[in-house]
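Asks: Chains as they are written, first to last, in the working numbering: chain A, 4 to 450; chain B, 4 to 450.
Please note that the accuracy of each hint is not assured.
Stated by the list, open to error - Derived coverage of chain B by chain A (criterion: at least 3 residues anywhere in the stretch with Cβ under 8 Å from a Cβ of chain A; other residues may be distant):
1. 162-173
2. 185-198
3. 235-246
4. 253-259
Unchecked claim - Far from chain B by the CB rule (all over 10 Å, computed), these chain A residues:
5. MET83
6. ASN100
7. ASN157
8. ILE179
9. ASP234
10. ARG262
11. ILE380
12. GLN383
13. ASP411
14. LEU429
No lab work stands behind these hints, which were simulated from the structure alone.
Just so it is clear, the structure is predicted and the values come from calculations on it, not from any experiment.
Note that beta-carbon positions come from the ideal geometry of N, C-alpha and C, so glycine has one too.
2 protein chains.
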Amino acid sequence: MKRLIFACLMTFATALPSFSQEVTNTVLDNGMEVVVIEDHRAPVVVHMVWYKIGGADEPLGKSGIAHFLEHLMFKATDDMESGEFSEVVAENGGSDNAFTSYDATAYFQRVASDRLGLMMSMEAERMTDLLLTEDHVATERDVILEERAQRVENRPGALLNEQMSAALFMNHPYGIPLIGWQHEMEGLTREDALSFYRDFYAPNNAVLVVAGDVEPDDVIALAKEHYGPIDANERLSPRARPLEPVPRAPRRVTLTDERVGTPYVMRNYIAPARRSEDQSEAAALVFLSEILGGSSATSVLGQALEFDQKIAVSTWAGYSADMLDLSQFSLGVVPAQDVTLEAAEAALDAEIARFFETGIDPEQFERIKTRIRANDIYAQDSARGLGNRYGRALTTGLTVADVEAWPDVLQSVTPEDVMTVARKVLQPTHSVTGWLMAPDMAEETVQ
Amino acid sequence: MKRLIFACLMTFATALPSFSQEVTNTVLDNGMEVVVIEDHRAPVVVHMVWYKIGGADEPLGKSGIAHFLEHLMFKATDDMESGEFSEVVAENGGSDNAFTSYDATAYFQRVASDRLGLMMSMEAERMTDLLLTEDHVATERDVILEERAQRVENRPGALLNEQMSAALFMNHPYGIPLIGWQHEMEGLTREDALSFYRDFYAPNNAVLVVAGDVEPDDVIALAKEHYGPIDANERLSPRARPLEPVPRAPRRVTLTDERVGTPYVMRNYIAPARRSEDQSEAAALVFLSEILGGSSATSVLGQALEFDQKIAVSTWAGYSADMLDLSQFSLGVVPAQDVTLEAAEAALDAEIARFFETGIDPEQFERIKTRIRANDIYAQDSARGLGNRYGRALTTGLTVADVEAWPDVLQSVTPEDVMTVARKVLQPTHSVTGWLMAPDMAEETVQ
Numbered sequence: 004m005k006r007l008i009f010a011c012l013m014t015f016a017t018a019l020p021s022f023s024q025e026v027t028n029t030v031l032d033n034g035m036e037v038v039v040i041e042d043h044r045a046p047v048v049v050h051m052v053w054y055k056i057g058g059a060d061e062p063l064g065k066s067g068i069a070h071f072l073e074h075l076m077f078k079a080t081d082d083m084e085s086g087e088f089s090e091v092v093a094e095n096g097g098s099d100n101a102f103t104s105y106d107a108t109a110y111f112q113r114v115a116s117d118r119l120g121l122m123m124s125m126e127a128e129r130m131t132d133l134l135l136t137e138d139h140v141a142t143e144r145d146v147i148l149e150e151r152a153q154r155v156e157n158r159p160g161a162l163l164n165e166q167m168s169a170a171l172f173m174n175h176p177y178g179i180p181l182i183g184w185q186h187e188m189e190g191l192t193r194e195d196a197l198s199f200y201r202d203f204y205a206p207n208n209a210v211l212v213v214a215g216d217v218e219p220d221d222v223i224a225l226a227k228e229h230y231g232p233i234d235a236n237e238r239l240s241p242r243a244r245p246l247e248p249v250p251r252a253p254r255r256v257t258l259t260d261e262r263v264g265t266p267y268v269m270r271n272y273i274a275p276a277r278r279s280e281d282q283s284e285a286a287a288l289v290f291l292s293e294i295l296g297g298s299s300a301t302s303v304l305g306q307a308l309e310f311d312q313k314i315a316v317s318t319w320a321g322y323s324a325d326m327l328d329l330s331q332f333s334l335g336v337v338p339a340q341d342v343t344l345e346a347a348e349a350a351l352d353a354e355i356a357r358f359f360e361t362g363i364d365p366e367q368f369e370r371i372k373t374r375i376r377a378n379d380i381y382a383q384d385s386a387r388g389l390g391n392r393y394g395r396a397l398t399t400g401l402t403v404a405d406v407e408a409w410p411d412v413l414q415s416v417t418p419e420d421v422m423t424v425a426r427k428v429l430q431p432t433h434s435v436t437g438w439l440m441a442p443d444m445a446e447e448t449v450q
Numbered sequence: 004m005k006r007l008i009f010a011c012l013m014t015f016a017t018a019l020p021s022f023s024q025e026v027t028n029t030v031l032d033n034g035m036e037v038v039v040i041e042d043h044r045a046p047v048v049v050h051m052v053w054y055k056i057g058g059a060d061e062p063l064g065k066s067g068i069a070h071f072l073e074h075l076m077f078k079a080t081d082d083m084e085s086g087e088f089s090e091v092v093a094e095n096g097g098s099d100n101a102f103t104s105y106d107a108t109a110y111f112q113r114v115a116s117d118r119l120g121l122m123m124s125m126e127a128e129r130m131t132d133l134l135l136t137e138d139h140v141a142t143e144r145d146v147i148l149e150e151r152a153q154r155v156e157n158r159p160g161a162l163l164n165e166q167m168s169a170a171l172f173m174n175h176p177y178g179i180p181l182i183g184w185q186h187e188m189e190g191l192t193r194e195d196a197l198s199f200y201r202d203f204y205a206p207n208n209a210v211l212v213v214a215g216d217v218e219p220d221d222v223i224a225l226a227k228e229h230y231g232p233i234d235a236n237e238r239l240s241p242r243a244r245p246l247e248p249v250p251r252a253p254r255r256v257t258l259t260d261e262r263v264g265t266p267y268v269m270r271n272y273i274a275p276a277r278r279s280e281d282q283s284e285a286a287a288l289v290f291l292s293e294i295l296g297g298s299s300a301t302s303v304l305g306q307a308l309e310f311d312q313k314i315a316v317s318t319w320a321g322y323s324a325d326m327l328d329l330s331q332f333s334l335g336v337v338p339a340q341d342v343t344l345e346a347a348e349a350a351l352d353a354e355i356a357r358f359f360e361t362g363i364d365p366e367q368f369e370r371i372k373t374r375i376r377a378n379d380i381y382a383q384d385s386a387r388g389l390g391n392r393y394g395r396a397l398t399t400g401l402t403v404a405d406v407e408a409w410p411d412v413l414q415s416v417t418p419e420d421v422m423t424v425a426r427k428v429l430q431p432t433h434s435v436t437g438w439l440m441a442p443d444m445a446e447e448t449v450q
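Okay, chain A solo, but in the shape it has when bound (with noise of 0.2 Å):
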C-alpha cells in the first residue's frame, strides 16, 4: 500500500479556497485498484467504480454496447430487482449515477459516509450477477435508441460531428460514434451484452475510487470484505486499440440540414492527450485552447474575429486532454449575419497563420495560467471532482504520481511550449473541417 500525501498549490495572487487531500492506493490480490481520496469536509462519501472499458473497445459490428450495458447494468442480479439498485440509494438519501466514455465505463453513488458498506456490497453483487431478461434487454434497446433519437438524429450538430469523427479517425475506433451507429444498436441482443459483461466487467479491470468522509484503512477493509472474494478475469488481455496511420490529407465534411439554424465551421485535428510520465504536450494544449479560444474578450480568435472583424457571433477553441490513446483539438466559427462559411473559414485560418507569426502575448499568458490554476482547485470543490480526477487518468493509462504532477505540469508550460505544440497539432493534414449549413444556404456559400 503506498500512501500519498496531494497538497495543492496556493501560491494565488488572489486567495482561493483549497484544501489537502490525502490519497491512499493500492491494489487488492484479485487486481482491482483501490484509490482513496480523504475530504473531510462534509459527511458525505463518493463511491465510484470505474471499469477501464468503453466505446473503444467494442467489438466490430457492435458499437454502443459499452453505454448500451451501462444501461442494464441498473437492471436485476441475483439478488435485487430490476430499479432496486437506485432505489436503494435514493431510500438511504443518497444519488447515483453512470456514464460510458469511449475508455471507461463508470458507477458511482454519493451517500453518506456510513452507507458505503452498503454500496460496495452492492456493486460487488452487479460486477458478478447481473441477470438480463430479454424483455428488459428490449425495453432497454428502445431507450438507448431514442437517447440516440434525441441527442444525434435531432440534431444536426451532433450529427455533423459523428461525421467529422468518422473523417478524421482513418483507423482507430474513436471514429465510431460512442452512443453507437443506428443499424447496429437496433441490432444488440441480450447475449452481445452478457458476453461484453462477461470479458471485461472483473475485479482485475475495475479501479474503486472513493472520495470523502473516510479513512483509508476503513475503506480497504470494507473493500477487500466485498470485491476482495470476486474472482480475477483471468483471460483479460491488455487493451490494444487499433492505431492512426499516419494522415496525408485534409478532409472535409458539409452537413446540409434542414434545422439548420446557426450554420457554422469547425476544424480537429488528432492531438496527443496526457501520457503517463510525459504530459507535458497535453498540457501546453490545454494553454492553446485557451489562448486561440477560452475567452471572447481576451482570446485570440474571439478579439480578432467577434470584437475587430465584427464577422464571428461567436468563436471557440476545445480541447480534452484525457483520453487513453488519442484527443482532439478543436476549433470552431459561428459566422455574423450575411458572412458565408467561406469567409468564416478565410478568417479562421488567416488568423491562425498571425498567430504562428506574432506569438502569445506574455500577459495573456499569465493571466490564462492564473485562470488555469484556478480551475484546477474548483474541480477540487466536491468529492466527486476529485474521485472523477482519479477514476479518468487510472483509466486512461496514467497513474496516481500522474495526476499529482498534472497541476505542476501545467504551471510549468511556456509560451515557447506552447508554440510547438501548436506548430506540431495545426497541421491541414492532421485535420477535418466541417460545415453545417441550411439547404438554402449552399447555393450562396458552397462553389
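Mind docking chain B on chain A? Use the hints.
Replies: Then chain B, alone, in the frame of chain A:
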C-alpha cells in the same frame, strides 16, 4: 451433385467467337464447394482454390494479414520446402500465382490437364500443414512492406485512394487498405499469420474451381481423394462485417504531394454490388459506368469535357460489381493545362446535372449493350477467365445460378433502369471527392 448447362448468348449483330460450357457444381462432405467448368479448347486446366476470406475479414489492428498470409503460403509445409510449390509447378510446365482481395484469397495454377492431381495434392498439403519459421515471416514481412512502398507510398494517387476510402467508409473495413496500414504491417507476427490460417483456411471455407480440358467426374473423384480427407473447421462462423451507417454529408480529401505531375479530381460514391438473385442494380451500374465514362469519344464525360469544352485531357467512370457487401462508383477528370481542379470539378458536376436532365441517348445505349455483351464473351476466352468468374462470384455471396443469369440480367437493362440507379447512387451525401495536386498548385486552386 447438380449439373448445369451454361450456354452463351449468341444473338449478335456481329459474329463473335463463343462456345458452350458445361458447369458442374457439388459440395464435398467436409463442406468444400467444387465447381468444374469444362473447356476443351486446349489440353490445359486451371486449378484454383478460393478461400472466402479477404482483407475485409481481418481482426482489428491486423490490417494486411490476409495478403501477408497469401505470401506465406508459398513457404514451407510439412512435406515441401519453401518455394518448392512454385518450382514443382514450373517443372511441370505450368505457372502459378495467388491474389488477395477484400473478399477472397485465391491460389491458382495453370498446367497440362494430366497434372491436376499433383496440383491438388500440393494445394491440400498447404491447406493443412503450413509451417512458418520466424525467419520466413521476417523476410516476407520486408517483402510486403517493400510492396507497399512501391505500390502506395511512392504513388500519390494510391495514397489519395487510401485516404478517400478511409473517409468514404465510416464503419465498413473496405475503408482499411487491403495491403495494410504500414504501422500495422510492421507489427504482423508469425502467430498473427498462423491464427488467421487456422481460423479461415479450411475446406468448408473454400471453393475449388477447376476450368479446362477435364471431365467433371474425374475432377470430383480427384477432389474427394485430395481434399476430402481434410476436416472441416467446426468453429467457422458466418461472415459478418460491420455495415455502413446512413451517409449524411459529402466528404472531401485533398492530397498535396510534390511528386504529383498530373493533378486530377475524382469522386467515389458508395454503390450496391451484385446480390444473389438481385443483380439488376449492379447491372444498371455497369451500364452507367460505360455511359458516363466508357470511351472518350462517345461517353458523356468524354464528349463534353474532352471534346466539346476541351477542359479535360481525360475522364473516367469506374464500377466493380463483384463485392460481397458494397462497391464504389467512381468518376474522375484530369484537367487540361491551366484548368484548375475547382473548374474541372464544377464542369464534372454540371455534366452530371445535365445528364439527369437530358437522359440517355438511345443509340449510345444500344452500342454499349453490344459492347457489354462482347466484353462478356471475351472474358470467357480463357479457362482462367472462366474460373475467375465463378470463383469471384462464389466468394462474394453469389451462386452458380447467379453467374449464369448475369449475362441475361445485363442484356435486360433499360435506360430507365440506368437513370433510376444513377439517381440513387450519385448523391453528394454518399460521396467523397478527392483532389490530387502538387504543392505549387495549392495557391492557385484552393481558396
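Asks: Please check whether the beta-carbon of ASN100 of chain A is more than 10 Å away from every beta-carbon in chain B.
Replies: holds, 28 Å
Asks: Looking at ASN157 of chain A again, its CB stays over 10 Å from all of chain B?
Replies: ASN157 of chain A is indeed farther than 10 Å from all Cβ atoms of chain B, at 13 Å.
Asks: Tell me if chain A covers the stretch 253-259 of chain B under the three-residue, 8 Å CB rule, please?
Replies: The restraint on the stretch 253-259 of chain B holds, since 7 of its residues have a Cβ under 8 Å from chain A and three suffice.
Asks: Are there three or more residues in the stretch 162-173 of chain B whose C-beta lies closer than 8 Å to some C-beta of chain A?
Replies: holds (count 7)
Asks: Hey, does ASP234 of chain A actually stay past 10 Å from chain B on C-beta?
Replies: holds, 26 Å
Asks: According to a criterion of three or more residues whose C-beta lies within less than 8 Å of a C-beta of chain A, is the stretch 185-198 of chain B covered?
Replies: holds (count 3)
Asks: Counting residues of the stretch 235-246 of chain B with a beta carbon closer than 8 Å to any beta carbon of chain A, are there 3 or more?
Replies: holds (count 4)
Asks: Would you assess whether ARG262 of chain A, listed as outside the interface, keeps its beta-carbon beyond 10 Å of every beta-carbon in chain B?
Replies: Check passes; 12 Å lies beyond 10 Å.
Asks: Would you say ILE380 of chain A is clear of chain B, with no C-beta pair closer than or equal to 10 Å?
Replies: Label holds. Min Cβ-Cβ 40 Å, cutoff 10 Å.
Asks: Verify this label for me: ILE179 of chain A is non-interface relative to chain B, using a Cβ-Cβ cutoff of 10 Å.
Replies: The assertion about ILE179 of chain A is violated, with a minimum of 7 Å to chain B.
Asks: Checking the smallest CB distance to chain B, is MET83 of chain A really beyond 10 Å?
Replies: holds, 34 Å
Asks: Would you assess whether GLN383 of chain A, listed as outside the interface, keeps its beta-carbon beyond 10 Å of every beta-carbon in chain B?
Replies: Correct as stated: the minimum Cβ-Cβ distance to chain B is 38 Å, above 10 Å.
When each numbered hint is compared with the structure, a violation occurs for hint 8 only.
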